Amino acid sequence: MNYPTEILPNNNRKLISCDIQSHFLIRSTPTSVSSDLIDEVTGDIKQKTICSPAENITDLSTSLLGVFTLDHNKIELTKESRVRLGSYCAPDAEVAVPIYEIDFYIDENKGFWTILIEKVLNESVSYTFGDKPGVIFTATCSIVHTPTFWNYWHFSIKWYLNDYKCYLDEIQDDKLNKKISRRLSGEARAMIAKFAKIIEPDYQELLADCYTK
Amino acid sequence: MPVPVNIDKVPQENVWFFNYNNTCSYSTGSNLFYINDLKESFFNSKLSDEFYNSSLTNVGTQHNETNKMFIKLNKILNDQYNNFSEYYKNISLDEIKSITSNIISELISLSPDAFSLELTNEESIFYTFKKDDYSFYIQQYFETEDDGFNTTLVSFKGDNKIDSVNGDINNILASIESKISNNTSHNLNLAFLNELSY
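Line order of the protein sequences matches chains P and X. Mapped onto this note's numbering, the consecutive letters of the first sequence carry residue numbers 1 to 213. Mapped onto this note's numbering, the consecutive letters of the second sequence carry residue numbers 214 to 411.
To be clear, the hints were calculated from the coordinates, so they are not data collected in a lab. Don't take each hint at face value.
Using 20 Å as the maximum straight-line C-alpha spacing, the simulated DMTMM-like pairs for lysine to aspartate or glutamate come out as follows [unchecked claim]:
hint, chain 1, residue 1, chain 2, residue 2
1, P, K178, X, D381
2, P, K179, X, E336
3, P, K74, P, D103
What you are looking at is a predicted structure, and each value in this text was computed from that prediction instead of being measured.
If we strip away everything but chain P, and leave its shape as in the complex, we get (with noise of 0.2 Å):
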């Protein structure tokens, strides 16, 4: 099985920087069962589904769908690849066509959920330390263009903090970034179970502009 360049980087292709609000995001779940996905009760995606509980739910991995479609989807990184294939690089990168079996292979069994981008994007969110009365921090959902050597598509829900003009990421102070992070965890899986679905959304592909040079 042949990968589709089409998601790859190339020396063709820049940084997005257009317009996205009225596109989607997708996400991988391990499954695509609904009752699996989705909490029975609520109607609401399960937070289990959201972000598997190895992973980070103010930093989360996403595609942006179009070129990248619900078959890209079903493309699985073998652990050996993992690492490798899953850094971050330029959109311009020179990258090797990942080999089937080798470097990754299609888990059919996989599902998504989709976000439409102008329900979270720009959201912004004011938080109070207790311990500090007065002092509030603002934080802003950020949807940030993050190509990988096998996914050029590859975009990153992120928190950028307002007051310390950087990205939740690149707090170095544990204490504090533990302290922001536990604040924003709840806003971002409130943001996904209240917005996200698990049905494919009627969307459109990006103008081939915002994407090549």
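Model the placement of chain X on the given structure of chain P, informed by the hints.
The following block gives chain X in isolation, referenced to the frame of chain P:
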């Protein structure tokens, strides 16, 4: 998958409202129920003795559904704890129940249209509470920080976010109750105005 709950209740017809330290009222039962082959106490917590000794007001049998919901959620918590045990080295299931049981009771007493809970990998529990147009998402951490923080709440009305707040779980519950009661009061006022218009 839904968790089937087969309740064989020990003969006991009544459920109770509690006034605990005059701060909150809880709709719950302090009785023992048999869930399948498990014997569960409604309050598996340090608070339970105080509840047992509290002044009780018998309000009849109309809250059996509430009790069933509590028991079902308790069963879900047991199952999830077993599945997540590798992330919960520092806290036992009994300790989690001690922290959450009165919160669950309080939320159930607000008569949600839909209510669920899920343990996370962050030593926290994520509650989803829906009533009328409102959706409340609550993440309660089992460890309280030095500044008193242990919970975040994100509130929506329809698809519109109302606000996000953080703090102590008891303040968060008060915030939810306030929003719901304001809505009820607003609806009553509208109904009253409608009456007047005829």
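Do the hints match the structure? See the list:
1. P:K178 with X:D381: Roughly 17 Å between the alpha carbons, so the hint for P:K178 and X:D381 holds.
2. P:K179 with X:E336: holds, 14 Å
3. P:K74 with P:D103: holds, 14 Å
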